[in-house]
Amino acid sequence: MKRVMWKIGMTEHALIVCRDDDLIGLAPDVFHVVTLRGDSTDKPALPDEFNEGRVLATLTLLNTGKGSAFDRIAPAQRCERETLRSGRSVIRESAHKKTLLTEVLRAIEGLGGSAHVPLYREYARRMTELVDELVLNALFNANPRLRGTDRGAPFLLAKREEVIVRWRADVHTFCVSVSDPFGTLDRDTVLRYLGDRDKTRSFVGDPSAGLGLRIVFDRSHTFVLEVEPGVCTEVVCHASFEKKLRDFDVHERCLHFYLRAAE
Amino acid sequence: MDARLNGLSVVFEGVLDEHTQFAPLRTLLSETAQALKGARVRLDLSQVKRANSVGILGWFKLVQGLGLSATYVNVPVWLAEQFNFADGLRGDTFVESLLAPFYCPEDDTHAIVTLVVGTQVPLLDDYSDFEIRIPGEGGKVLEPDFEPEEYFAFLANYHDKFAKVLAG
Numbered sequence: 001m002k003r004v005m006w007k008i009g010m011t012e013h014a015l016i017v018c019r020d021d022d023l024i025g026l027a028p029d030v031f032h033v034v035t036l037r038g039d040s041t042d043k044p045a046l047p048d049e050f051n052e053g054r055v056l057a058t059l060t061l062l063n064t065g066k067g068s069a070f071d072r073i074a075p076a077q078r079c080e081r082e083t084l085r086s087g088r089s090v091i092r093e094s095a096h097k098k099t100l101l102t103e104v105l106r107a108i109e110g111l112g113g114s115a116h117v118p119l120y121r122e123y124a125r126r127m128t129e130l131v132d133e134l135v136l137n138a139l140f141n142a143n144p145r146l147r148g149t150d151r152g153a154p155f156l157l158a159k160r161e162e163v164i165v166r167w168r169a170d171v172h173t174f175c176v177s178v179s180d181p182f183g184t185l186d187r188d189t190v191l192r193y194l195g196d197r198d199k200t201r202s203f204v205g206d207p208s209a210g211l212g213l214r215i216v217f218d219r220s221h222t223f224v225l226e227v228e229p230g231v232c233t234e235v236v237c238h239a240s241f242e243k244k245l246r247d248f249d250v251h252e253r254c255l256h257f258y259l260r261a262a263e
Numbered sequence: 001m002d003a004r005l006n007g008l009s010v011v012f013e014g015v016l017d018e019h020t021q022f023a024p025l026r027t028l029l030s031e032t033a034q035a036l037k038g039a040r041v042r043l044d045l046s047q048v049k050r051a052n053s054v055g056i057l058g059w060f061k062l063v064q065g066l067g068l069s070a071t072y073v074n075v076p077v078w079l080a081e082q083f084n085f086a087d088g089l090r091g092d093t094f095v096e097s098l099l100a101p102f103y104c105p106e107d108d109t110h111a112i113v114t115l116v117v118g119t120q121v122p123l124l125d126d127y128s129d130f131e132i133r134i135p136g137e138g139g140k141v142l143e144p145d146f147e148p149e150e151y152f153a154f155l156a157n158y159h160d161k162f163a164k165v166l167a168g
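Taken in sequence, the protein lines are chains A and B.
Reminder that position 96 of the first sequence reads as 96 in the working numbering, one-by-one numbering, no gaps.
Reminder that position 154 of the second sequence reads as 154 in the working numbering, one-by-one numbering, no gaps.
These aren't lab readings, by the way, just hints derived from the structure by calculation.
Treat the numbers as computed from the prediction; the structure is a model and nothing was measured.
Careful: at least some of the hints might be erroneous.
Said to hold, decoys possible - Dumping the calculated DSS-like pairs for lysine-lysine here, alpha-carbon to alpha-carbon at most 27 Å: (1) B:K61 to B:K140; (2) B:K37 to B:K140; (3) A:K243 to B:K37; (4) A:K66 to A:K159; (5) A:K159 to A:K244; (6) A:K98 to B:K140; (7) B:K49 to A:K98; (8) B:K140 to B:K161; (9) B:K164 to B:K37; (10) B:K37 to B:K161; (11) A:K244 to B:K49; (12) B:K140 to A:K244; (13) A:K243 to B:K61; (14) B:K61 to B:K49.
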């Protein structure tokens, strides 16, 4: 089943969700979009799996306070009994990426305990793939020097090109932040990707075909893009580890785009 | 990602990503196809733990570029998902069996189950009303931990082509 795009907004007391395929009318600097399963040819009602309270809570967190979205929506240590795994990596060469992915994979695999090995093994794979795609994008799409280069070739980034990755995971959620020092992502690119998000990719003649972004949308529930043009881009993704993979899959996907003025 | 011959199958293992060396894989697959003299090359990627977009696109281009008559066996979950994301089943390709996640509500456990196309999963052009239950241990029943309409979409997309291979 395809996903249908909805615009979302927030007043002081309520979440507004409205059907609108015309994204041109969106505010240029900040917009929020939610995609839900449904028939794109009709005007569907909000599906049962849409959790208004969950979206509202995330929007409230994102729109209040200062600092990175990661610090606002990533899981925090709430009590000693809970297991919180976290990491921070600076990516300067391909070996750093490989180490990071191994750390994420092992951390999540161990979260479910012996009773839920297959489930958390699957979540570990999904989150590792999510981080992999985000880092690939930061390395080879955001960085003008590496754009178009052979992605399998060794590379060494200068300090001013470093990609910073932070992640946290507990038994309920995973959150990752990937920052690059370029700020090259623009609103039109995001909207183009959004419009193409459900198409099956034809890979002939296209080196990436947008497949990476498709994977990111599939593997995360909340996708926050904060761009300071020419300065930095921070992508924050959040996923909920549902009791069933099926519930993970039907969960709404929210994209939040913030274009920040350079300070 | 490494590869080795196991009977009539080429078995792959490791990670499919930007570091995958496609040249030796191309040689192995070409030589295997020649040795089989027109029979289908069986591709088993069930030991490949995961993949990224660079590796997946490289793989699809490799298989399509070689013009292989290929049968995928034991398709892992990540690859089944990719068959739905990207058009990777062009040409003379077929999926004989795939892995899928299942859930037992009785004891809240999960399992990965191998499904054979044409028997456990009939070829349909629409899976929106398809229901599948698998017998588990101790008389328990496993239900799919996925949306059949989405997970089996590639089977519906290639219904006619796959039906010809099954009729074979």
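Check each numbered hint against the structure and report the violated ones by number, ascending. 1, 2, 3, 5, 6, 8, 13
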